[in-house]
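A.B. asks: Below, each chain spelled out in residue letters.
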Amino acid sequence: MKIQNYYIMVLVVSSIILGCNNNGKTKESNIEKLNGTIKIDGSSTIYPITEAVAEEYRVSQPEVKVTIGVSGTGGGFKKFGRNEVEICNASRPIKQSEIDVCKENKIEYFDFSVAYDGLAVIVNPQNDWAQNITVAELKMIWEPSAQQKITKWSQVRKGWPDAPLHLFGPGTASGTYDYFTEAIVGKAGSSRGDFTASEDDNVLVQGIEGDKYGLGFFGLAYYEENKAKLKIVAVDNGKGPIFPSAATAKDGTYAPLSRPLFIYINKEALNKPEVADFAKFYLENAPSLVGEVGYVPLSTEEYTAQLEKLKADLTHK
Amino acid sequence: MFTRKFKELIIERALLLSALITILTTIGIIWVLLSESFAFFKVVSLWDFLTDTEWTPLFTQKHYGILSLVSGTVLTTGIAILVAVPSGLTIAVYLNEYSTKKMRNIVKPLLEILAAIPSIVYGFFALIVITPVLQYFFPEVSGFNALSAGIVMGIMIIPFISSLSEDVLNAVPNSLREASYGMGATKFQTSFRVLVPAASSGIIASIILAISRAIGETMIVAIAAGQQPNLTLNPTVPIETITAYIVQVSLGDVPQGSLEYKTIFAAGLTLFVFTFILNNISFWVNKKFKQQYV
Numbered sequence: 001m002k003i004q005n006y007y008i009m010v011l012v013v014s015s016i017i018l019g020c021n022n023n024g025k026t027k028e029s030n031i032e033k034l035n036g037t038i039k040i041d042g043s044s045t046i047y048p049i050t051e052a053v054a055e056e057y058r059v060s061q062p063e064v065k066v067t068i069g070v071s072g073t074g075g076g077f078k079k080f081g082r083n084e085v086e087i088c089n090a091s092r093p094i095k096q097s098e099i100d101v102c103k104e105n106k107i108e109y110f111d112f113s114v115a116y117d118g119l120a121v122i123v124n125p126q127n128d129w130a131q132n133i134t135v136a137e138l139k140m141i142w143e144p145s146a147q148q149k150i151t152k153w154s155q156v157r158k159g160w161p162d163a164p165l166h167l168f169g170p171g172t173a174s175g176t177y178d179y180f181t182e183a184i185v186g187k188a189g190s191s192r193g194d195f196t197a198s199e200d201d202n203v204l205v206q207g208i209e210g211d212k213y214g215l216g217f218f219g220l221a222y223y224e225e226n227k228a229k230l231k232i233v234a235v236d237n238g239k240g241p242i243f244p245s246a247a248t249a250k251d252g253t254y255a256p257l258s259r260p261l262f263i264y265i266n267k268e269a270l271n272k273p274e275v276a277d278f279a280k281f282y283l284e285n286a287p288s289l290v291g292e293v294g295y296v297p298l299s300t301e302e303y304t305a306q307l308e309k310l311k312a313d314l315t316h317k
Numbered sequence: 318m319f320t321r322k323f324k325e326l327i328i329e330r331a332l333l334l335s336a337l338i339t340i341l342t343t344i345g346i347i348w349v350l351l352s353e354s355f356a357f358f359k360v361v362s363l364w365d366f367l368t369d370t371e372w373t374p375l376f377t378q379k380h381y382g383i384l385s386l387v388s389g390t391v392l393t394t395g396i397a398i399l400v401a402v403p404s405g406l407t408i409a410v411y412l413n414e415y416s417t418k419k420m421r422n423i424v425k426p427l428l429e430i431l432a433a434i435p436s437i438v439y440g441f442f443a444l445i446v447i448t449p450v451l452q453y454f455f456p457e458v459s460g461f462n463a464l465s466a467g468i469v470m471g472i473m474i475i476p477f478i479s480s481l482s483e484d485v486l487n488a489v490p491n492s493l494r495e496a497s498y499g500m501g502a503t504k505f506q507t508s509f510r511v512l513v514p515a516a517s518s519g520i521i522a523s524i525i526l527a528i529s530r531a532i533g534e535t536m537i538v539a540i541a542a543g544q545q546p547n548l549t550l551n552p553t554v555p556i557e558t559i560t561a562y563i564v565q566v567s568l569g570d571v572p573q574g575s576l577e578y579k580t581i582f583a584a585g586l587t588l589f590v591f592t593f594i595l596n597n598i599s600f601w602v603n604k605k606f607k608q609q610y611v
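Chains A and B are the protein sequences, given in the same order. Quick note on the numbering used here: the first sequence kicks off at 1 and runs consecutively. Quick note on the numbering used here: the second sequence kicks off at 318 and runs consecutively.
Treat the hints as calculated values from the structure; they're not laboratory data. Careful: at least some of the hints might be erroneous.
Each computed PhoX-like pair below joins lysine-lysine, with the alpha-carbon atoms no more than 25 Å apart [to be verified]:
| hint | chain 1 | residue 1 | chain 2 | residue 2 |
| --- | --- | --- | --- | --- |
| 1 | B | Lys379 | A | Lys149 |
| 2 | A | Lys95 | A | Lys139 |
| 3 | B | Lys379 | A | Lys95 |
| 4 | B | Lys379 | A | Lys139 |
| 5 | A | Lys152 | B | Lys379 |
| 6 | A | Lys152 | A | Lys187 |
| 7 | B | Lys379 | A | Lys187 |
Listed next, the stretches of chain A that the computed footprint assigns to chain B, with coverage defined by at least 3 CB atoms under 8 Å from CB atoms of chain B [stated by the list, open to error]:
| hint | region |
| --- | --- |
| 8 | 143-157 |
| 9 | 190-199 |
| 10 | 208-214 |
Stretches of chain A that chain B covers, calculated by requiring three or more beta carbons in the stretch to come under 8 Å of a beta carbon on chain B [claimed, not checked]:
| hint | region |
| --- | --- |
| 11 | 66-75 |
| 12 | 170-178 |
Here the structure is a predicted model, which is why all the values come from computation and not from measurement. Don't be surprised by glycine CBs; every beta carbon is placed ideally from N, CA and C.
Let the hints inform the model, and build the full structure from the sequences given.
C.D. replies: Right under this line is the structure:
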């Protein structure tokens, strides 16, 4: 019995000693160490930006856990409206139905635009026939009446091979999907149904990369990251084929597929110091991180103006 | 005397309650599936559901033909069974008749590990290893296809077949083996022409169990087989299974109570009906072909 008591004592003492060490992080100058969890969900297009920001943020505030989901803009707003996430990544503005849900649940929010995106139309590198595509051809491929009818490349443009057309695109919960269908087909949410649909753009990259006859669309950042495995196609809106780039997305020549990207922040969540700090950090560091990720940063004035607006609201609390 | 009898009664009732919980859970699940599907079938006719060739409930042109999803499930399950049954059966016969005890002690635990690998790991294995290998030999195979998902699913269910078949083969009395050898049969002939038929009811039961497992498999097909409902038996193109569809809709932003939401339950009900039928077939086969050894 004596030996047993001895071991128990060792166990208890060591757990007390180890338990005491938790908050032992030294304070650096006067930066207060925050802790807590920030839940983010929504667009897979914005995901790379938010993730880059979260990674940088972790360097200065390692105790704050930032979790980022990829349910698509629609999926993210669904959770945002139920107060399940503090921030929603959105590649399209909030819909009226989603605004109503937020009102119903007494959720107030801030929206900030964080970048511009040139939605990229992508094919497989082995695809040597498609260098550019017109908006009319894109509409012919993606409109609802194309379902089961437009199934070959040769039906889209004369001269293209008589090979099957394998389509990849974001699913119906995706803001990218809403935006693309509105810009190309004319009505948001209106498209054919027989394509590989996924809210996770990495799945689309994987799909097109492995399929010679693949064609798809997603945010420019995913192309930038996988340049070696994919081929981008120039889009012709009547003024000649244009490739998406920082310049063309910003000045609007890459039409109609350049769009602003947003984050929506729950106002009540900003009462939490870690959320407020993260939000400020986001707007301060977006100018440098957005370009790194592959999207187009806004002008410095636009970021500063939004940052001032956020700071003003925070000091009023 | 009274308290003792009372205590026994309490225990009896408590055990009965535990058994009832399982029954009630099953009834609850069936009830939920049926009630939501009933609401679904008020809008979409059963005939359309069973005969339409497209499944596009989330898009503008809505089609509700479950056959597209069923063909995906059947295709992947079929390939899995084609891979698993010969391998599983051969492994069972080998472990039972041919191998040394040492070999058996090494191989059996390894097979158990095969069954313990998480299915999502299998899914990534299919997507990242098997698909490129297939594309090397057959360039027209798409990035997402039923073949690689089916092959990996087959590997995953080998332990189901081999373990159960081996147990059944073990249960065949030695007298049959001795009689066969006595007639001058080789080991191979004894194994496949005497023992396997004798154990057939158990082997078929294990195959049906493996089929049920393959039909309900979600992660492997969601990752590697694709998310495009396609009524086809071509294993080289993307397809979508019933399970992958349920995952896709559940993770999205479909509003609760809408028709799109109810499609999950209709699909789930179809899955349930399949498994139920398979279970019944297994029960019937077992009953009919089981050979009683005195």
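A.B. asks: Are the hints correct? Go through all of them and say.
C.D. replies: Consistency of the hints with the structure:
no.	hint	result
1	Lys379/B with Lys149/A	15 Å, holds
2	Lys95/A with Lys139/A	23 Å, holds
3	Lys379/B with Lys95/A	22 Å, holds
4	Lys379/B with Lys139/A	19 Å, holds
5	Lys152/A with Lys379/B	22 Å, holds
6	Lys152/A with Lys187/A	24 Å, holds
7	Lys379/B with Lys187/A	16 Å, holds
8	143-157	holds (count 4)
9	190-199	holds (count 10)
10	208-214	holds (count 6)
11	66-75	holds (count 4)
12	170-178	holds (count 3)
The earlier numbered hints are all upheld by this structure, with none contradicted.
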